[in-house]
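Participant: Residue-level listing of the chains:
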Amino acid sequence: MKPVTRFTTDTLDWEPYITPVDYDTATPAQREALQETPSHRKISKYTLTLAHDPESLKYRSPLFNQIMYGKDGLPRAERELAAVATSVVNHCIYCGSVHAARYIELTRRPEVMDAILTDGTKAEIDEYSQGLFDFAVALSKTPVAATQADINHVRDLGFTALQALDLVLASAIFGWANRLMHTLGQAVEPAES
Amino acid sequence: MPNPFSTFSSLSAQSRSGEMKAALADRAKIMQLCDASGQAVVMPAACGNLPHALRCAIAIRIARANGCAELATIYAPLLATLDATPDVAAIADGAADADARGAAILSYVDTVTLTPARASRAHIDALLGAGLTDSDVVSLAELVACINFQARVLAGVRLVEETFA
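Protein chains in written order, with numbering that gives the first Met the number 0: chain A, 0 to 192; chain B, 0 to 164.
The set of hints was computed from the structure by calculation and includes no laboratory data.
Certain hints may be false.
What the hints assert, rightly or not - Below, simulated SDA-like cross-link-like pairs (lysine to any residue); rule was C-alpha separation at most 20 Å, straight line:
1. A:K121 x A:K44
2. B:K28 x A:P61
3. A:K1 x A:V187
4. A:K140 x B:G66
5. B:K28 x A:K121
6. B:K20 x A:E104
7. A:K70 x B:K28
8. A:K1 x A:H90
9. A:K44 x B:T132
10. B:K20 x A:Q147
11. A:K1 x B:A164
12. A:K44 x B:K28
13. A:K70 x B:A27
Hey, can you work out the whole structure from these sequences and the hints?
Facilitator: In C-alpha cells, the structure reads:
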C-alpha cells in the first residue's frame, strides 16, 4: 500500500493505523451505532474503526448526513466546496479526493477543483465560489480566523442566513471528519482489482 | 449550572436575529445532534482510560485554542463539578503534563487542534505505547474532533447572526 500525500481527484483507499472492529465479533452497542451507516453499502474500514467508540459514532453519522445531504438551504455542490476547502487546510488527502470528485460530478466544473487542489488555500476561482471558499478556509484555521467581513461578503453574494449557516456547518463537520481520517489512518493508492 | 449539552438546541430561542432564529429552527435536528455528540465525547457512559474530568479539561483547552471563549465558558462549570485534581484542571489552562501518558495525550490534542496537517502515525503509536487501548485512541480522536467542530459552529453562528441581525 503506497501512501498518497498530494491532493488528487483519483479514487483512493484509506488504511487505519489501528485495527478496525470486526463486525462479526462487535458488541451490541457497536452494532447499533453501525446501523446509522447506509445499510446498502459495505461498511467501510473507516466506519469500523470509528466503531471502537460507539457512543460518539451513533450521533456523528446522522449529524454528518443531515449536514451534507439535508434539504433546502445551501446547494449540495457548495457544501462539497466547503468540504474541500476545509480538507485543504487540514491536509486530509482522502476527504479532499472524495469531495472534489463529488463537486465535479455535481457541477461539471473540474477547473474549480484543479485550481484548489493545485494552489491550496491561495487558489483563485470565480467570485461566487471564492467568497464561500475563503470563508470556509478562514473558519477552518486554529484559532478560528473567519471575520465579520468574510460573512458580510457571503451575504453580499446573495446568500441567505440559512445558506450561510449551512456553509458554517459543512465546513465545521469537515473539521471533524478530517481530524479523524487524517489522524487515525492515511490515504493510500487503491489495491489492484 | 446551565446544561452544557443544551447549548446548540437553545441557540434558536436565544437568537436576536429573526432570520437566524428561523434558520436555526430549520436545522433543529442538527443542533440537537451537536449537543448529543458533545455529551457522548465529554461525558460518555464508558469513559475507558480517559476520565470525565480529563475529557472536560481537554474540551476547555481546545475551545480556548480556537479563540472560542464562549465554548470554554460553557464547559468550565461542568469541570468544577467533576472533582478534577489540580494537574487535570491545569490542562484546561494549557499546562503541559508531567507523566508520559499525559504528554502523549496532550501532544495529540494540541497537534490535531492547532496543526492537524502535521498529525502522523507517530502520534497514534505514542498513545498506544503509553497504554491507551484502541477504544481510548478513537474516543480521544472523537473528543478532539468534536470540540473543534463545536467551536467552529458556535463561532460561525455568532458571525452569521451579526451579519443578518
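Participant: For each hint, tell me whether it holds in the structure or not.
Facilitator: Status of each hint after checking the structure:
no., hint, in the structure
1, A:K121 x A:K44, "violated, 33 Å"
2, B:K28 x A:P61, "holds, 10 Å"
3, A:K1 x A:V187, "holds, 5 Å"
4, A:K140 x B:G66, "holds, 11 Å"
5, B:K28 x A:K121, "violated, 35 Å"
6, B:K20 x A:E104, "violated, 33 Å"
7, A:K70 x B:K28, "holds, 12 Å"
8, A:K1 x A:H90, "holds, 17 Å"
9, A:K44 x B:T132, "holds, 18 Å"
10, B:K20 x A:Q147, "holds, 18 Å"
11, A:K1 x B:A164, "violated, 51 Å"
12, A:K44 x B:K28, "violated, 27 Å"
13, A:K70 x B:A27, "holds, 13 Å"
The structure fails hints 1, 5, 6, 11 and 12 (numbered hints given earlier, in ascending order).
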